[in-house]
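Asker: For reference, the chains in residue letters:
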Amino acid sequence: EAGVAQSPRYKIIEKRQSVAFWCNPISGHATLYWYQQILGQGPKLLIQFQNNGVVDDSQLPKDRFSAERLKGVDSTLKIQPAKLEDSAVYLCASSLDLGDPQHFGDGTRLSIL
Amino acid sequence: GEDVEQSLFLSVREGDSSVINCTYTDSSSTYLYWYKQEPGAGLQLLTYIFSNMDMKQDQRLTVLLNKKDKHLSLRIADTQTGDSAIYFCAESLRTGGFKTIFGAGTRLFVKA
Chain S
1 EAGVAQSPRY KIIEKRQSVA FWCNPISGHA TLYWYQQILG QGPKLLIQFQ NNGVVDDSQL
61 PKDRFSAERL KGVDSTLKIQ PAKLEDSAVY LCASSLDLGD PQHFGDGTRL SIL
Chain U
114 GEDVEQSLFL SVREGDSSVI NCTYTDSSST YLYWYKQEPG AGLQLLTYIF SNMDMKQDQR
174 LTVLLNKKDK HLSLRIADTQ TGDSAIYFCA ESLRTGGFKT IFGAGTRLFV KA
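Top to bottom, those sequences are chains S and U. Under our numbering, the letters of the first sequence match residues 1 to 113, in that order. Under our numbering, the letters of the second sequence match residues 114 to 225, in that order.
Okay, chain S solo, but in the shape it has when bound (with noise of 0.2 angstroms):
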C-alpha cells in the first residue's frame, strides 16, 4: 500500500513569513496527525483530526499555525507568521482509527532565516 505522502521535502522560508505544507495519509486511514520535530528531540503533537473532525489541538500555537482536513482525507499545516523558533521537521501521520499504530510520512524539514 502506498504510504503518508507529503510535500515539500524542503522549504526555506524568512520570519515573518508564510508556509503551507500538505498531508495524504494512507487510504481508509480515519485519523491524521500533524507533529513537530526539533533536532535532537522526539516528534512532540500539533494536532490530530479523526475524519474532518478535531480531537486535540492543546499543543498547537493557535495564534500562528492553523490546521485543516475539510473532506476528512488530504490536510494543510499553515505558519502565518512564522518564528525562528518554528524550524524544525513537521511529521504527518495517520492511523486507521484512534489509538491505532501510526505510519509516518517523510517529513517537511523547515529552515527559518
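Simulated from the structure, these hints should not be mistaken for laboratory data. Note that the Cβ used here is the ideal one computed from N, Cα and C, for glycine as well. Treat the hints with care, as some may be off.
To be verified - Take a look, some chain U residues computed to stay more than 10 angstroms from chain S by CB distance:
(1) S140
(2) D167
(3) M168
(4) K180
What the hints assert, rightly or not - Derived lysine to any residue pairs resembling SDA-like cross-links, with alpha carbons at most 25 angstroms apart:
(5) U/K183 to U/S140
(6) U/K224 to U/K183
(7) S/K44 to U/K224
(8) U/K169 to S/L98
(9) S/K11 to U/G153
(10) S/K78 to S/L110
(11) U/K224 to U/K181
(12) U/K149 to S/S18
(13) S/K11 to U/A198
(14) S/K44 to U/L221
(15) U/K224 to U/V132
(16) U/K212 to S/D97
(17) U/K149 to S/G53
Fit chain U to the supplied structure of chain S, relying on the hints for placement.
Answerer: Only chain U this time, still in chain S's reference frame:
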C-alpha cells in the same frame, strides 16, 4: 505526569546484540511502540506491544515490557550496520483521543 525517557546513545559492534531501554511514567498506556528513524526520513514503525503483554518477538527484534517498573526494552539480535539509526520509544495513552508520547530517541552506532 506523562514522560518517556531513553538514553541518548548506544554503540555496539556488528554481530553483537543491542539493547535499547526506555522508561515511562503513565500507567494508563494501551500500546508501547518502537520506531526507527534514519537520516532525512520519517519514523518507521518497527514493532509494538500491547500493555497487557510481557514479551513480543519479531525476527531479530525482541520487546520486553515490565509494567511494574514501567520499563520497556528493544533487543536487536545480530546487529548490522544498516541498523544504525535513532530509535524512539513511545506510549499511547487512553486520554481524550489516545495521545502518543515519544521519547527523545536513542542514537545507535554500529561499528564494523
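Asker: So, for every hint listed, does it hold in this structure?
Answerer: Quick rundown of the hints versus the structure:
1. S140: Per Cβ check, U/S140 is outside 10 angstroms of chain S; nearest 16 angstroms; holds.
2. D167: The assertion about U/D167 holds, with a minimum of 19 angstroms to chain S.
3. M168: It holds; U/M168 is separated from chain S by about 18 angstroms at its closest Cβ, greater than 10 angstroms.
4. K180: About 18 angstroms separates U/K180 from the closest Cβ of chain S, which puts it past 10 angstroms; holds.
5. U/K183 to U/S140: holds, 7 angstroms
6. U/K224 to U/K183: Distance ~30 angstroms between U/K224 and U/K183 Cα, so the pair is violated.
7. S/K44 to U/K224: violated, 31 angstroms
8. U/K169 to S/L98: holds, 22 angstroms
9. S/K11 to U/G153: The given pair, whose Cα atoms are some 14 angstroms apart, holds under the 25 angstroms limit.
10. S/K78 to S/L110: holds, 12 angstroms
11. U/K224 to U/K181: violated, 34 angstroms
12. U/K149 to S/S18: violated, 31 angstroms
13. S/K11 to U/A198: holds, 24 angstroms
14. S/K44 to U/L221: Given that 25 angstroms is the threshold and the Cα spacing comes to 21 angstroms, the pair holds.
15. U/K224 to U/V132: holds, 15 angstroms
16. U/K212 to S/D97: holds, 12 angstroms
17. U/K149 to S/G53: Given that 25 angstroms is the threshold and the Cα spacing comes to 29 angstroms, the pair is violated.
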